[in-house]
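*Asks:* First to last, the protein sequences are chains A and B.
Under my numbering, residue 287 is the last one in the first sequence; the count climbs by one each step, no gaps.
Under my numbering, residue 601 is the last one in the second sequence; the count climbs by one each step, no gaps.
FYI, nobody ran anything at the bench for these hints, they're computed from the structure.
A hint or two may mislead.
To be verified - Each computed SDA-like pair below joins lysine to any residue, with the alpha-carbon atoms no more than 25 Å apart:
#, chain 1, residue 1, chain 2, residue 2
1, A, Lys63, A, Ile190
2, A, Lys139, B, Phe361
3, A, Lys139, B, Tyr561
4, B, Lys409, A, Ala29
5, B, Lys382, B, Leu524
6, A, Lys139, B, Val339
7, A, Lys63, A, Ala29
8, B, Lys409, A, Val264
9, B, Lys409, B, Val339
10, A, Lys139, B, Arg493
11, A, Lys139, B, Ala334
12, A, Lys63, A, Phe47
Stated by the list, open to error - Here are some of the chain A residues that sit facing chain B, going by a computed Cβ distance under 7 Å:
#, residue
13, Ile131
14, Asp252
15, Met262
16, Leu266
To be verified - Pairwise CB distance ranges, derived in the manner of DEER restraints:
#, chain 1, residue 1, chain 2, residue 2, range
17, B, Leu578, A, Val264, 20 to 28 Å
18, B, Arg325, A, Val264, 41 to 49 Å
19, B, Arg407, A, Val27, 54 to 62 Å
20, A, Asn49, B, Gly346, 49 to 57 Å
21, A, Val264, B, Ala589, 35 to 43 Å
22, A, Asn49, B, Leu491, 55 to 63 Å
23, A, Ala29, B, Gln504, 25 to 33 Å
24, B, Pro332, A, Gln189, 31 to 39 Å
25, B, Leu585, A, Gly90, 28 to 36 Å
26, B, Ile455, A, Ser241, 37 to 45 Å
Predicted, not measured: the structure shown is a model, and the values here were computed from it.
Using N, Cα and C, we set each Cβ at its ideal position, and we do this for glycine too.
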Amino acid sequence: MTSSGTTLARRRRRLVARPAAWLIWGVVAFFFVNLAGVIGSVLVSSFGNRWFDTWFPQEFTTKWYGQSWQEFGLFQVLVVTLEVSLLVVGISVLVGVPAAYVLARRSFPGRRLLYLLFLLPILMPPITYGIPLATVLYKYGFAGHLSGVVLANLVPSVPFVILTMTPFIEQIDPAVERAARMCGAGTRQIFVRILAPLLTPGILAASILVLVRTVGMFELTFLTAGPDSQTLVVALYYSMSAAGIRAQQSIDAMAVMYTAMMLVLLVIALRFVNPTQLVARVREDVD
Amino acid sequence: MSATATPPRTDDPAPDGRSRVGTRVALRHRLAERGIDRQLLLLVPAAVFILVLFIYPFGYGVGLSFQPAEGGPFAAYQEFFSDAYLRDTIWTTLKLSLPAALLNVAASVPIAYRMRGRFRGKRLLTTVLVVPITLGTVLTAQGLLNFLGPTGWFNRTLLAVGLTDDPIRLTNNYWGVFFSIVITGFPFAFLLVLSYLSGIDPTLERAAATLGANWWQRFRRITLPLLAPGLATTFCLTFVLAFSVFPSAILVGDPAGTTRVISIAAYDAAYVQYDYPMAATIAVLMGLVELLVIAAVLGWRALLYTGATAGGKG
Numbered sequence: 001m002t003s004s005g006t007t008l009a010r011r012r013r014r015l016v017a018r019p020a021a022w023l024i025w026g027v028v029a030f031f032f033v034n035l036a037g038v039i040g041s042v043l044v045s046s047f048g049n050r051w052f053d054t055w056f057p058q059e060f061t062t063k064w065y066g067q068s069w070q071e072f073g074l075f076q077v078l079v080v081t082l083e084v085s086l087l088v089v090g091i092s093v094l095v096g097v098p099a100a101y102v103l104a105r106r107s108f109p110g111r112r113l114l115y116l117l118f119l120l121p122i123l124m125p126p127i128t129y130g131i132p133l134a135t136v137l138y139k140y141g142f143a144g145h146l147s148g149v150v151l152a153n154l155v156p157s158v159p160f161v162i163l164t165m166t167p168f169i170e171q172i173d174p175a176v177e178r179a180a181r182m183c184g185a186g187t188r189q190i191f192v193r194i195l196a197p198l199l200t201p202g203i204l205a206a207s208i209l210v211l212v213r214t215v216g217m218f219e220l221t222f223l224t225a226g227p228d229s230q231t232l233v234v235a236l237y238y239s240m241s242a243a244g245i246r247a248q249q250s251i252d253a254m255a256v257m258y259t260a261m262m263l264v265l266l267v268i269a270l271r272f273v274n275p276t277q278l279v280a281r282v283r284e285d286v287d
Numbered sequence: 288m289s290a291t292a293t294p295p296r297t298d299d300p301a302p303d304g305r306s307r308v309g310t311r312v313a314l315r316h317r318l319a320e321r322g323i324d325r326q327l328l329l330l331v332p333a334a335v336f337i338l339v340l341f342i343y344p345f346g347y348g349v350g351l352s353f354q355p356a357e358g359g360p361f362a363a364y365q366e367f368f369s370d371a372y373l374r375d376t377i378w379t380t381l382k383l384s385l386p387a388a389l390l391n392v393a394a395s396v397p398i399a400y401r402m403r404g405r406f407r408g409k410r411l412l413t414t415v416l417v418v419p420i421t422l423g424t425v426l427t428a429q430g431l432l433n434f435l436g437p438t439g440w441f442n443r444t445l446l447a448v449g450l451t452d453d454p455i456r457l458t459n460n461y462w463g464v465f466f467s468i469v470i471t472g473f474p475f476a477f478l479l480v481l482s483y484l485s486g487i488d489p490t491l492e493r494a495a496a497t498l499g500a501n502w503w504q505r506f507r508r509i510t511l512p513l514l515a516p517g518l519a520t521t522f523c524l525t526f527v528l529a530f531s532v533f534p535s536a537i538l539v540g541d542p543a544g545t546t547r548v549i550s551i552a553a554y555d556a557a558y559v560q561y562d563y564p565m566a567a568t569i570a571v572l573m574g575l576v577e578l579l580v581i582a583a584v585l586g587w588r589a590l591l592y593t594g595a596t597a598g599g600k601g
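Can you build the whole structure from these sequences, using the hints too?
*Replies:* Here it is as structure tokens:
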């Protein structure tokens, strides 16, 4: 046993040392070095003062963070971002989970068509439906306000919740529900007493993923937001595309704050979701 | 729970009333046999949602695209295809998104193949690979401008090493946008490919190895066919991401020239020229081109590997 174990280990070590392996890890390392350069240059710039034709800025300061917080009215922007994303998460879970339940459990005429319908908003670039949607929302007076931004962001979020929740629902044994029904529970009671507790991990995972997506969703918010309903991404975009008016470093500082926020969200998400497993389970159902 | 659910055991003396309740129950049973009952009502909110917020606006847009300010119903489409500045945006977008999506998928396969087994630092490496998802367009754009710009660290290194005499121009042109797509798209593609690869039973490869297949034969004959549907899906999703590139084409690109992608044209038509029929036309064409590519990829996959995808998954 021990001898076979050592030969196996030796063979594995030799596998790693292949030239192809070195090439692959080299490419990965090159990608990371450049990625670190991209992130690092923004980070250094956001703390730097007077950085022109040198390797590093001449002096370091933290004044850009305070300045961008004040200049861009970031507190207001963050409040809007929070409001929009929490509303989107809440509504898409309330609408999406029951639909996911029916789609996962039942077969009925038109099920495949409905599934395709829910798949489309995820398969289409946001701009393609965003522009007609924004036109319609303007027509009915929603766009330019918080409600328009929330409605637009719900379009990809509801299908996303449905697709993420389906595998979680399929894991629950239908016998549990049948037993509850035998004991006289109605559909609503089954949902509240049985499905909701069992689905909590799935709902959390879906909520956090929707949260990350909504905070990062640029196009739909950009097309429907008014001056006082911008989220952080859109405010960032406006501050950068109107370059020259503000110091570049304060935009860098704002971008760093945005990324830090997204990173926190993602780390929380990764605690609940194994990204690789999630996709694999979803795929089985999509096919 | 409600009146329709209670069985017709009522002391209703009228015979026709009883028979009416009876047929209603019979209809309910017949529908239930085909899978239709009141539980499907749970679908209604989501279906209404999609109809009101996706199908209706999309149909409205399609309708709008056939009602240009002047000319017949197809005038906006004719204008799009006769105006080279508009028509070429399709080609510009495809030239950016197809190679970027291909590169992301192609690069993910060997890296994910290496990362299948267990080794030290796997979790760390996965986390590091996921980080670029959080960057956001603006930080990527600022970073690329800072890092790859003429006085950035990249060109500085090249000059210091002596690989080049003049700074290479990598921003505000095609390459800036290309890199930004790769940075945002690669982690996504990698996670998907890794998960598909992890779903393939390693014993299949071990069995092939016992029969004397070398690593290339094992990859070519076993892993690749089983991975093909996953790769097609990954390509489609990465392509959608790359195809809708909008902010970075403006921020790190050359939005009036080499990186004037179709979404910029659509945005210009809607919010700069206020020509909503034209904007709707461009949006419809954008969706069509994108769906055509996806249909081609999925169709090609179905043509090649229908047999192999059916079984064999562990």
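*Asks:* Next, verify each hint and record whether it holds.
*Replies:* Against the structure, the hints:
1. Between Lys63(A) and Ile190(A), the direct Cα distance comes to roughly 56 Å. Violation of the 25 Å bound is thereby established for this hinted pair.
2. At roughly 24 Å between alpha-carbon atoms, Lys139(A) and Phe361(B) fall within 25 Å of each other, so this suggested pair holds.
3. For the given pair, Lys139(A) sits about 14 Å from Tyr561(B) by alpha-carbon distance, which is consistent with the 25 Å threshold.
4. Between Lys409(B) and Ala29(A), the direct Cα distance comes to roughly 15 Å. Compliance with the 25 Å bound is thereby established for this hinted pair.
5. Of the supplied pair hints, the one linking Lys382(B) and Leu524(B) holds, its CA atoms being roughly 17 Å apart against a limit of 25 Å.
6. This hinted pair checks out: Lys139(A) and Val339(B) have alpha carbons roughly 14 Å apart, not beyond 25 Å.
7. A distance of roughly 34 Å separates the Cα atoms of Lys63(A) and Ala29(A); the hinted pair therefore is violated under the 25 Å criterion.
8. Between Lys409(B) and Val264(A) the CA atoms are separated by roughly 21 Å; this keeps the pair inside 25 Å, and the hint holds.
9. Among the hinted pairs, Lys409(B) with Val339(B) is inconsistent with the structure: their alpha-carbon atoms are about 45 Å apart, more than 25 Å.
10. At most 25 Å may separate the alpha-carbon atoms for a hinted pair to count; Lys139(A) and Arg493(B) exceed this at roughly 62 Å.
11. Distance hint between Lys139(A) and Ala334(B) is fulfilled; the C-alpha atoms sit about 22 Å from each other, no more than 25 Å.
12. Between the alpha carbons of Lys63(A) and Phe47(A) the distance comes to roughly 8 Å, so the proposed pair stays at or under 25 Å and holds.
13. The restraint placing Ile131(A) at the interface with chain B holds, with a minimum CB-CB distance near 5 Å, inside the 7 Å limit.
14. Interface hint status for Asp252(A): upheld, as the beta-carbon distance to the closest one in chain B is roughly 6 Å, under 7 Å.
15. Here the hint on Met262(A) is kept, as its CB sits about 4 Å from the closest CB of chain B, short of 7 Å.
16. A least Cβ separation of about 5 Å between Leu266(A) and chain B falls short of the 7 Å threshold, and the interface hint therefore holds.
17. A C-beta distance of roughly 36 Å is found between Leu578(B) and Val264(A), which places it outside the suggested range of 20 to 28 Å.
18. Checked against the hint of 41 to 49 Å, the pair Arg325(B) and Val264(A) passes, with Cβ atoms roughly 43 Å apart.
19. The given range of 54 to 62 Å is broken by Arg407(B) and Val27(A), whose C-beta atoms sit roughly 20 Å from each other.
20. Evaluation of the 49 to 57 Å hint for Asn49(A) and Gly346(B) yields a pass: the beta carbon distance comes to about 54 Å.
21. At roughly 42 Å, the beta carbons of Val264(A) and Ala589(B) sit within the given window of 35 to 43 Å.
22. For the pair Asn49(A) and Leu491(B), the supplied restraint of 55 to 63 Å holds, since their beta-carbon distance comes to about 59 Å.
23. In this structure the supplied range 25 to 33 Å holds for Ala29(A) paired with Gln504(B), their Cβ-Cβ distance being about 29 Å.
24. The beta-carbon spacing between Pro332(B) and Gln189(A), approximately 19 Å, falls outside the hinted interval of 31 to 39 Å.
25. About 34 Å separates the C-beta atoms of Leu585(B) and Gly90(A), a value consistent with the hinted range of 28 to 36 Å.
26. At about 25 Å, the CB distance of Ile455(B) to Ser241(A) disagrees with the hint of 37 to 45 Å.
Figure legend: structure checked against the earlier numbered hints; hints not met, in rising order: 1, 7, 9, 10, 17, 19, 24 and 26.
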